[in-house]
Amino acid sequence: MPHLSIRAKLWNWTGFQKREDQLTILLSLVIGIVVGLTVVAFILLTGRLAARMYPPESALWRRFLVPIAGTLFSGFLLFRYFPNARGSGIPQAKFALFLQDGYISLRTVVGKFVCCSISLASGIALGREGPSVQIGAGIASVLGRRFGLGKANVKALVPVGCSAALAAAFNTPIAAVLFSLEEILGDLHAPVLGSVVLASATSWMVLHSILGDEPLFHVPAYQLVNPLEFGIYAILGVIGGIASVAFVKLLLRLRVWFRRLPAWSLWLQPAAGGLLMAVFALIRPEVLGVGYDYVDRVLTGDFPLKIVALLAIMKIVATPACYSSGNAGGIFGPSLFIGAMVGGAVGSVAHTLFPGVTANAGAYALVGMGTAFAGIVRTPLTSVIMIFEMTRDYSIIVPLMISNLISFFISQHLQHEPIYEALALQEGVYLPTGESREELEGIHVSEVMQTGVEPIRPETGIEEVKARLEKEKTSSWPVAIDGAIQAVISIHEIETTEPAPSAARDLLKANRDYPYVHADHPVTYALERMGVKGVDVVPVVSRANIRQMYGIVTLKDILAGYGVTGAVKAKQ
Amino acid sequence: MSAAGTVAAFARARGPRLGLILIVLAVIGALAALDLFLENAEQSEMSVQARHTFAQGVQLLQSGDATGAVEALRRAHAMERKNLAYEMELIAALTAAGKTAEAEPLMNEVLDADRNDGAANLIAARLRLKEGNLLDAEAYYHRAIYGEWPQDGTSHRIAARMQLIGLMVEKNQKQELLAELLPLQEQAKNDPSLQSRLGRLFLIAGSPGRAAEQFRTLVRAHPASAEAYEGLGDAELEQGDYRAARAAFAAALSRKPKDSALDAKLQLAATLASLDPTPRGLASSEKYQRSLRILGWAQQDLEKCIQMTGAAPADTQQTLLANAALAMNRPPSQPTNEMAEALLSLAERIWQARLAACGAATTNDEEPLRLVMAKLAQAT
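For the record, the sequence lines run as chains Y and P.
Reading the first sequence from the start, the letters are residues 4 to 575 in the numbering used here.
Reading the second sequence from the start, the letters are residues 825 to 1204 in the numbering used here.
So that you can see chain Y by itself, here it is in the shape it has in the complex (with noise of 0.2 Å):
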């Protein structure tokens, strides 16, 4: 047997025998430390800053200028120096996940925490944790990659970076991990998951030992006073998902629009997020920043119904507006303030039709923060251990969860794509769903992929088609113009088409919405796939670009792939 070192019988113990795995482990607890340092710096900047900006009961002209100025300021150097800091910071962290093997750039992560501080400080109604997440996901990458650790691992420090941020910008490190998991990697069974928990752990303490341990919101022990209430509570989350499909479906609309504008107004595009803060301030000061003051003082069951509502209104449409027109801020924080509102006006009512048998108000200002959250980032299991961490109150958690799953399955119906998702499909990103991630499992496309296939050209007339299905020995073949994929023919479709095509092109019109695949997708849906169009070749294409074809799979490849001897043979 040979001698080992004891150092070597440490490693061994501990199972991490590569190299890179042990290194991945120890940066792992680095980055807990680092993006809690950060984010513990980031949430008091911007809570100072706010508090000196725009302080309470501060005069009209300083609630008007303040958001434009900030916003216009933050704009500036959003367009000039950081293009890649805009928006909430999850998209982007998805982004460099599922994208750019883990890579954020050194600059974009200043660039968030400038840019989001400015913004922020300025009173705009948006959170910080989601730039936060950006912000941790940016320093994991730079020292995944600083460290000299090879693209799997860079990638996989991502979700680490995501989750040791959240832990710290919102004091809860349970739900961190699951966010990381349920959301961002969309695998709760992902092999990360030591890592995750090790960095959210890491980064609570340094959180603690630096601001002490104080939940985020302060609510007094509250307790279901009769059974009737659980049917209020799924009022709360009928009109908490309703509310929540409102937000996002404002939201993506503003983001179209703002979207279409001339590109030299981007810098200027952030304006109006802050102009119609301006105009919000001056009607009530509440809605200016991430108002988590006011969510504690909701939760005391203290705000009168009339505000409360308009809060929420106000809020609904406030922070789309700052969000769409490109400012740097995430809607996490005002999920929770929309969800506290609604939930503090339901309550408010029910509390005077039937006080006998109902809690206090700030009791559904609560459960309505875990209603808003799921409905609108769609993360039913995080937000419910979310509320719980942050309130640290176990009383509510079974109203909690009937409000959170009406409000996750109404916006669910009502709004297909969840907002991150429908964000990406915005700037022409497929990122996978909650349901193709199931998928990826077993065989992947890479794996039996065929490169550097030639696609058919529209001009190639119906003869040289044939001919070329005939030498390729399938029934179908990817029609693209410079490589930018059109179609998928078939040669049923050549033989059943009236009248009868010339070329390739008189088949694309009926063939716009052709079959694709990614290569991280398993060949079971590249099968399915096939099944639906009825071809025997799909393309697999970027996520990033459904028009960009990286190759193709065949019914025969797949065959292959599972050791089909006929199917190796035809291929050979």
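It is possible that some hints are incorrect.
To be verified - A short list of chain P residues far from chain Y (calculated; beta carbon distances all over 12 Å): (1) 853; (2) 855; (3) 856; (4) 865; (5) 867; (6) 901; (7) 923; (8) 938; (9) 957; (10) 1092; (11) 1109; (12) 1127; (13) 1142.
Claimed, not checked - One-sided and incomplete, this derived list gives chain Y residues near chain P with beta-carbon spacing under 10 Å: (14) 47; (15) 48; (16) 50; (17) 51; (18) 213; (19) 225; (20) 227; (21) 230; (22) 252; (23) 305; (24) 419; (25) 421; (26) 425.
Since the hints were made in silico from the structure, they are not lab data.
None of the values given here were measured: they were computed from a predicted structure.
In this text, a Cβ means the ideal position worked out from N, Cα and C, and glycines have one as well.
Fit chain P to the supplied structure of chain Y, relying on the hints for placement.
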């Protein structure tokens, strides 16, 4: 050379990996320093702001604006959640504003922090009182009295006990009131104001002897105090020592000559002293005369009462009045104590008939008769 430059130079000298580790450590150190600086700046700023807001809240609460006080104190508490003084003042404001449901969880939080804290228990007692839970309120008052007060414990305990006493006076719980007053006697020795209050409270608790003792001590220490003499007079009056009461009221009036209320009390004491048939060593003839006057007064009272009700006198009332008239119209040549006692017995029965017909309420004119009757009833 700057610190970053030194680190970079060192890093170049020891290879890329070590250099990177040093840079990461430097970044961690810099971030930690930044965080601590920001945190300290925030804490001190918040603390100043919280103190200012707290002072505003206390002022509003003292001026009676409980709603405004709640608003300010809530802000102060949000800024410094760990400051128990802020939290307790907020609970007090919430209680004053009637927001007991909101105050309750905060109260539990404060009590959980220290179950023996006197101030916390006192606020809990007030909260329970506002909620109408008297039993719990009393229990919390006792915990406040015997709890821990970090500063000026004696005066805080006395203040807490006085609040409980106030509650008992309001609820007319004389036994419990007396039990709370007794421990205060020792503490009141060097506090004339407390002694005076204690004397008055002993009177309310139905212990005029202890009240008189308090006022006597006070008179000895402060012979120029009209209030002390007046209190002593009231206590003596209550004990039935009308002569001593008259002397005390006279002494009080000599120190506060223009006080009409005091003068009225002196007149009452004088009347009672001349009417009282119970003093030892009183001659039989004098006792008979006083008894006769009491009987006559009682007879007039009952007749007035019958007139007021407008109903025909009952047989028992007629018999009593006839017996009284008979006794008054046949004065004996040699009055004895037994004859006087017989007259007083008749007067008492007439007074009982009057109480049965017209109730216990009396006019100012009837007050001497009521007091004499009360004393006679006590003696029997």
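Hints, one by one, checked against the model:
With a cut of 12 Å on Cβ distances, residue 853 of chain P falls inside the contact zone with chain Y, its closest approach being about 10 Å. The beta carbon of residue 855 of chain P sits about 4 Å from the closest Cβ of chain Y, which is not more than 12 Å, so the claim that it is off the interface is violated. Its beta-carbon lying about 6 Å from the closest one in chain Y, residue 856 of chain P breaks the requirement of being farther than 12 Å from that chain. Distance check on residue 865 of chain P: its Cβ comes as close as 7 Å (rounded) to a Cβ of chain Y, failing to clear the 12 Å threshold; non-interface status is violated.
Residue 867 of chain P, annotated as away from the interface, has a beta carbon of chain Y within 12 Å; the closest lies near 10 Å. For residue 901 of chain P, the condition that its CB be more than 12 Å from all CB atoms of chain Y is violated, with the nearest at approximately 9 Å. At the 12 Å boundary, the C-beta of residue 923 of chain P falls inside the reach of chain Y, the nearest C-beta of that chain being 8 Å off. Every C-beta of chain Y lies more than 12 Å from that of residue 938 of chain P, the closest at about 18 Å, which supports listing it as non-interface.
No beta-carbon of chain Y is positioned within 12 Å of the beta-carbon of residue 957 of chain P; the least distance is around 19 Å. Against chain Y, the non-interface label of residue 1092 of chain P holds: every CB pair exceeds 12 Å, the least being about 54 Å. Every CB of chain Y is more than 12 Å from the CB of residue 1109 of chain P (nearest about 75 Å), matching its label as outside the interface. A cut-off of 12 Å between C-beta atoms confirms that residue 1127 of chain P is not in contact with chain Y; the least separation is 58 Å.
No beta-carbon of chain Y is positioned within 12 Å of the beta-carbon of residue 1142 of chain P; the least distance is around 60 Å. A distance limit of 10 Å between C-beta atoms decides the matter here; for residue 47 of chain Y the minimum to chain P is near 4 Å, and the interface restraint holds. Look at residue 48 of chain Y: its Cβ gets to within about 6 Å of chain P, closer than 10 Å, so that hint holds up. Interface hint at residue 50 of chain Y: satisfied, since its Cβ lies 7 Å from the closest Cβ of chain P, which is below the 10 Å cut-off.
For residue 51 of chain Y, the interface hint holds, the least distance from its beta-carbon to any beta-carbon of chain P being 6 Å, beneath 10 Å. Here the hint on residue 213 of chain Y is kept, as its CB sits about 5 Å from the closest CB of chain P, short of 10 Å. Look at residue 225 of chain Y: its Cβ gets to within about 9 Å of chain P, closer than 10 Å, so that hint holds up. Hint on residue 227 of chain Y is violated. Least Cβ distance to chain P is approximately 15 Å, over the 10 Å limit.
With 10 Å as the threshold, the beta carbon of residue 230 of chain Y stays out of range of chain P, its nearest partner Cβ sitting at about 20 Å, so the hint is violated. Taking 10 Å as the C-beta contact cut-off toward chain P, the hint placing residue 252 of chain Y at the interface is violated, the least distance being around 35 Å. Of the supplied interface hints, the one on residue 305 of chain Y holds, with its beta-carbon coming within about 7 Å of a beta-carbon of chain P, less than 10 Å. Because the beta carbon of residue 419 of chain Y sits about 41 Å from the nearest beta carbon in chain P, more than 10 Å, this interface hint is broken.
Hint on residue 421 of chain Y is violated. Least Cβ distance to chain P is approximately 33 Å, over the 10 Å limit. Because the smallest distance between the Cβ of residue 425 of chain Y and any Cβ of chain P comes to about 35 Å, over 10 Å, the interface hint for this residue is violated.
Figure legend: structure checked against the earlier numbered hints; hints not met, in rising order: 1, 2, 3, 4, 5, 6, 7, 20, 21, 22, 24, 25 and 26.
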